[in-house]
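Asker: Sequence:
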Amino acid sequence: MDFKNLFEALKADILDLVKDRFDEEGTQVRKDIENFLEGSKDKLMRWTLLLEQGALTPAEFELLLKSQKDLLVIQSLQRAGISKIKIGLFKNETIKIIVNKAVTALI
Numbered sequence: 014m015d016f017k018n019l020f021e022a023l024k025a026d027i028l029d030l031v032k033d034r035f036d037e038e039g040t041q042v043r044k045d046i047e048n049f050l051e052g053s054k055d056k057l058m059r060w061t062l063l064l065e066q067g068a069l070t071p072a073e074f075e076l077l078l079k080s081q082k083d084l085l086v087i088q089s090l091q092r093a094g095i096s097k098i099k100i101g102l103f104k105n106e107t108i109k110i111i112v113n114k115a116v117t118a119l120i
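All the letters of the sequence shown, read from the start, carry residue numbers 14 to 120 under the working numbering.
Quick caveat, the hints were computed from the structure, so don't treat them as lab data.
Quick caveat: nothing in here was measured; it's all calculated off a predicted structure.
Zero decoy hints are in this set.
Using 30 Å as the maximum straight-line C-alpha spacing, the simulated DSS-like pairs for lysine-lysine come out as follows: (1) Lys32 to Lys44; (2) Lys104 to Lys56; (3) Lys82 to Lys24; (4) Lys104 to Lys54; (5) Lys32 to Lys17; (6) Lys24 to Lys44; (7) Lys97 to Lys82; (8) Lys99 to Lys114; (9) Lys54 to Lys99; (10) Lys54 to Lys97; (11) Lys79 to Lys17; (12) Lys82 to Lys56; (13) Lys54 to Lys109; (14) Lys99 to Lys44; (15) Lys99 to Lys79; (16) Lys82 to Lys54; (17) Lys79 to Lys54; (18) Lys24 to Lys109; (19) Lys24 to Lys56; (20) Lys17 to Lys109; (21) Lys109 to Lys82; (22) Lys109 to Lys97; (23) Lys32 to Lys104; (24) Lys17 to Lys114; (25) Lys99 to Lys56; (26) Lys97 to Lys114.
With these hints in hand, go ahead and build the complete structure from the sequences.
Answerer: Listed below in structure tokens is the structure:
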């Protein structure tokens, strides 16, 4: 699996989700997301490799990603007054995108 291509595809899909969900706040949210992805890149690469090697199941991979959910701080949305529920739903969708892309890349 080519992690660089996977990472770029993940980034593009998540940024598309930002555009769909938070049009007005999109520019600031993009920065928050890009910071999170860059900060999580090493862990994501390690976990994706373990998934590819069969050392992790897709469910375990998802659990590891969910453990990072609270690190995804979207300050721009909080400043804009977006509800915590909407932010939480966005975080869950982001995790689903990552899991689906990684598992699909292995097939």
